[in-house]
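Protein chains: 4
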Amino acid sequence: MTKSRLEAFSDGVIAIIITIMVLELKVPHGESVEALAPLIPVFLSYVLSFVYLGIYWNNHHHMLHATQRVTGSILWANLHLLFWLSLVPFTTGWMGENHFAAAPSALYGVVLLMAAIAYWVLQQLIIASQGPDSLLKKAIGRDWKGKLSPALYVVAIPLAFWSHWISQAVYVFVALIWLVPDRRIERALGRIEP
Amino acid sequence: MTKSRLEAFSDGVIAIIITIMVLELKVPHGESVEALAPLIPVFLSYVLSFVYLGIYWNNHHHMLHATQRVTGSILWANLHLLFWLSLVPFTTGWMGENHFAAAPSALYGVVLLMAAIAYWVLQQLIIASQGPDSLLKKAIGRDWKGKLSPALYVVAIPLAFWSHWISQAVYVFVALIWLVPDRRIERALGRIEP
Amino acid sequence: MTKSRLEAFSDGVIAIIITIMVLELKVPHGESVEALAPLIPVFLSYVLSFVYLGIYWNNHHHMLHATQRVTGSILWANLHLLFWLSLVPFTTGWMGENHFAAAPSALYGVVLLMAAIAYWVLQQLIIASQGPDSLLKKAIGRDWKGKLSPALYVVAIPLAFWSHWISQAVYVFVALIWLVPDRRIERALGRIEP
Amino acid sequence: MTKSRLEAFSDGVIAIIITIMVLELKVPHGESVEALAPLIPVFLSYVLSFVYLGIYWNNHHHMLHATQRVTGSILWANLHLLFWLSLVPFTTGWMGENHFAAAPSALYGVVLLMAAIAYWVLQQLIIASQGPDSLLKKAIGRDWKGKLSPALYVVAIPLAFWSHWISQAVYVFVALIWLVPDRRIERALGRIEP
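Chains as they are written, first to last, in the numbering used here: chain A, 282 to 475; chain B, 282 to 475; chain C, 282 to 475; chain D, 282 to 475.
This is chain A alone, in the form it adopts within the complex (with noise of 0.2 angstroms):
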């Protein structure tokens, strides 16, 4: 019952979030084909977040499939999670209608080290409630992904300032490997799912 409230209200929140974004998009006051070209950053920085957004809601259906109890740590973890994802839509727009600069490249680099943190940390309130056999740490192996990204962003956030498109790169190569499917939880509830 805990559980599948607590995915109901992270779906919700989720889907708000992606979007909202899209308002970001604001519609061009001319009727020509040229009116959409200053729109063209705000939209690649769209399409980034969305795939992030999409990225955070895979795995964190994942992961609540690979967890049997909610205590009320794991309730505000999540609830902390949400938080710096409901920041996105900021980040994005601002890093959007700025062309990429600097300073909301490097902001957006802090949301999302923060998310991932979240993330982090739920995952290991979650494993920790499971005890000694825990599933969901025999599923994230080593977590190679999850322990990869947060040191990518916190290199890329002040690089930033040097070249924002470095900053850029890292984001969409962080993207890039979480999009490879990642069958390790699949695999490991494969083998004990009824």
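There are no misleading hints in this set.
For chains that are exact copies, the list does not tell them apart, and a pair is met inside one copy or across any two.
With a straight-line cut-off of 27 angstroms between C-alpha atoms, the simulated DSS-like cross-links for lysine-lysine are:
| # | residue 1 | residue 2 |
| --- | --- | --- |
| 1 | Lys284 | Lys419 |
| 2 | Lys428 | Lys284 |
| 3 | Lys418 | Lys428 |
| 4 | Lys284 | Lys426 |
| 5 | Lys418 | Lys284 |
Note that these hints are calculated values from the structure, not bench results.
Position chains B, C and D against the provided structure of chain A, taking the given hints into account.
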């Protein structure tokens, strides 16, 4: 579990898209009936997009009804479909505010075309995951609507620069062929459901 | 399955409509209590529309509770109802910002009337799908509220151009007759539920 | 059925409220880090309101967990609670944009007070519907948090006109006493759940 969460998330996103579209109907400043006149094209494009999103929700619902197993690729193909649908409020607003001008009408068709392709990809992935006795494959039959719609969009998009009324007529026509109740899947399911 | 997804989607749309309505309550620029004064009519129309949407959610919930089977026509009749409800934030904002002027008050009634008709159509389709022993038909009885409400709206709409206060009074009165707890369906269900 | 739909609808409304609040964080026009400075009070009030809505979602979830039957009055008492919560984005935005000035800080407290009263009414109705052996009544015990919070708001509201910092401190303090994990209901449920 996975399937019901996929449904819930898709429902959430489509419900939000369909509802934030109405935010493009900006409250007019005057208080007379005449103040509503400039909103008529915005309202008409809202009606058209509402019907399209209703069709997508309806078909998506039937498609998942005939799906037993959800894989990682299906999750991403579904997000890909939601991405294109999420751009509908933008193209609707642009088309409505510019009284169905050429470029906005063409872009409206481009987003419909991309959504139709994304839907087709999702359908193919579900069929592939079901193997040779695919229930969905049997249900959709020759899928003439699914094949005709993108072909009509491809014709309508360049025509918008010649006469945007023809494009509009094509968009309305495609919506009408889908509105006719589609009993194919219902019938196929009827035979095997308990 | 179909029914629960229909409920979930309708809940989602009504939840979003009820919440984005509050976006019409624009944050005032001043920081004094007086800065709130111009918002009072917007707030009052928000309260009225919140109650109306609450009534629709409540009745919709009871109606689906007495429904066993969902057909394609029921899905579309439901979307038709949601379409008219989705226009409520627009008419609420226009009426509130123009201090309940004649045309906005009339349009508010038109949208309420169309929603009432759409609700009635949906109800008839469910009853038709249930055959002669329709549980819903027994539950609603003579449905005097459902018949009186559209009649009152039809009277209130033209009256708005003579005195908009009469129209407002009618809208408030209709809301009140629905707010009185409707035990008809609950009673009918109580007899047959396990 | 009724209960799960009540949960789903409440989750939807709270998820939307919590997410549209972030729309008050308007994307700044400059691209420098300094452009973020005016947003700091808006951000801080967003954090406070996010925590409050998280507390309500959490408590609402536990309360319904201890509820077996949903009556018509409970449905309306729940909508009444959602009504006051829906005003939180407005008061949050007004307080943030005016740097925690007196009137906005007082109004923020008024909405918190009304939400607390609405929550209490809902709780009483659920307890009344459960009869003398009410599980919820046992679970909340003496409910000192539920009694202390509105009392503190009543003190904080007029104080805002004397020193708004005291009001803010009270609002933060009330949030903190709720953030401390509330094991009362969990414990009571733990004893009777299968």
